[in-house]
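S.K.: Each chain is listed here by its residues.
Protein chains: 2
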Amino acid sequence: MIQKIVLIGAGNLATQLGKALRENGLDVVQVYSRTEASAKALAFVLECPYTTSLDELEPCDLCLVSVKDDALETVLRQIPLETTVVHTAGSIPMELLSNYFKNFGVFYPLQTFSKQRDVDFSTIPICLEASSDEVFADLQVLAQKLSSSVQPIYSEERRVLHLAAVYTCNFVNHLYQIGDSMLEEKGLSFDLLKPLIQETAQKVMGMKPIDAQTGPAVRMDETIINKHLDLLADQPERKKIYQLVTESIYKTQNTK
Amino acid sequence: MIQKIVLIGAGNLATQLGKALRENGLDVVQVYSRTEASAKALAFVLECPYTTSLDELEPCDLCLVSVKDDALETVLRQIPLETTVVHTAGSIPMELLSNYFKNFGVFYPLQTFSKQRDVDFSTIPICLEASSDEVFADLQVLAQKLSSSVQPIYSEERRVLHLAAVYTCNFVNHLYQIGDSMLEEKGLSFDLLKPLIQETAQKVMGMKPIDAQTGPAVRMDETIINKHLDLLADQPERKKIYQLVTESIYKTQNTK
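Residue numbers (our numbering), protein chains in the order written: chain Z, 1294 to 1549; chain L, 1294 to 1549.
Everything labelled a hint here was simulated from the structure, so no lab data went into it. Worth double-checking, as some hints may not be accurate.
Copies of one chain are not kept apart here, so a pair can be met inside one copy or by any two copies together.
Stated by the list, open to error - With a cut-off of at most 27 angstroms between alpha-carbon atoms, the simulated BS3-like pairs for lysine-lysine come out as follows:
no., residue 1, residue 2
1, K1438, K1312
2, K1479, K1520
3, K1544, K1533
4, K1297, K1438
5, K1544, K1532
6, K1549, K1533
7, K1549, K1532
Kindly generate the complete structure, drawing on both the sequences and the hints.
M.R.: Below, the structure is given as structure tokens:
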């Protein structure tokens, strides 16, 4: 059974995951980050020791590695522990860990995390993959302490999930940002868009997105579309996004 | 005071607006649509008569015209009533109505409407514009019966609001649809993305979108981005959207 956890990384995901582990009675015994300020800040929140040296990791039941993808392999190579090691990355195959450890897996919570915003972990899908049934069972027990939505997801599936999350979260947020900045330029408040943003998200909780689609692109309403493109005349990037997404909506709606 | 309303149009917006008017004690005395089936269906819901001929419109205090932008002028030209006439379109200037009527205005509820999904009107921003203070006052009283968020918005502002709504609602929904279809192709459930979609929307209720941004585009994490582009190799349209939005996020985040 997993009780003592060492957390490698102190970014957005590590921070929120660390808090959730602690709130659910798990024991985060140590935090590592290359950056002392980050390690210290998270260790303060979790009330545990920290280190900036991978040689000084504490013994534990699980080493949870949540660092940037580009740094992952460098970090893995230096972990001297003989314990179960998991990563939390959407697009990295589990097999990478087999080069360095005997027991390993993936622990991928599918959510957007910011350090300064706490999230309710209880509904977040936690996608698990493990090197053996025993490791999977241990990770499952752990994940179920945090969330009621624990899913076995293989590396190939996880990669697609991560890509879909980029569209439906990161790219969506960028569209919010474009809306915000357009309104700001006119002295209008972003508050005006908030009920629309909420309803747009809420709608697809019960309808398929393809059926929830509205707007001028559905029927390629050229009168409106041309007015919008006029407004975007001095914004080439926004204009390209407008044209591309409009075409894509039209095609999708008219070939369904 | 506005009590008797004739509703011109029976589309998504007209349907939801008609329902909201009725639920709030207003009297929809007649529905018009060129298409008999649509007129009949909405008249049935609103328990009022319908017509498919603009010559047969009933006397009323307000004629609410909610038809497709392309059809608007043709319809306006044929309305024989000497009453206040308003349209509900985001991108059409109020002044168009001055060619046909003495008292006129715009009544624009900023929301996404589908016939089959009821919405709570009470928080929807209703954007008003009117040909005179008297007409504005009447429209304001009416709008405040439906919503606590009634806003004076001029045509130029409304045009920008509508464009921002296209990005933050119509385009956002299309990104949901891309996510849904990616998952479907892998046999994965769209349910996995729902907590993420909700949190992404919820996040910007309290944070500026530019500060809520996460994902590989923020730091142009090429390892992940290239993996994603590989997955999109046989999807040129999705790939173009990916590249364009990724670049746009990177620029926005690194010039703020």
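S.K.: All the hints need checking, so say for each whether the structure fits it.
M.R.: Hint by hint, here is what the structure shows:
For the identical chains of this complex, K1438 and K1312 are intra-copy neighbours only, at 13 angstroms inside a copy versus 45 angstroms across copies, given an alpha-carbon limit of 27 angstroms. Taking identical chains as interchangeable, the C-alpha atoms of K1479 and K1520 lie at most 27 angstroms apart only when both belong to the same chain, with a minimum of 17 angstroms there against 39 angstroms between chains. Taking the shortest alpha-carbon separations for K1544 and K1533, both the intra-copy value of 17 angstroms and the inter-copy value of 15 angstroms come in at or below 27 angstroms. With identical chains, the CA atoms of K1297 and K1438 are at most 27 angstroms apart within one copy only, with a shortest distance of 14 angstroms there and 58 angstroms across copies.
In the homo-oligomer, the alpha carbons of K1544 and K1532 lie at most 27 angstroms apart both inside one protomer (18 angstroms) and across protomers (15 angstroms), since each shortest distance falls under that limit. Both within a single protomer and between protomers do K1549 and K1533 lie at most 27 angstroms apart by alpha-carbon distance, with minima of 24 angstroms and 21 angstroms respectively. For the homomeric pair K1549 and K1532, the shortest alpha-carbon distances inside one copy (26 angstroms) and between copies (20 angstroms) are both at most 27 angstroms.
Going down the numbered hints, you'll see the structure goes against none, and every one checks out.
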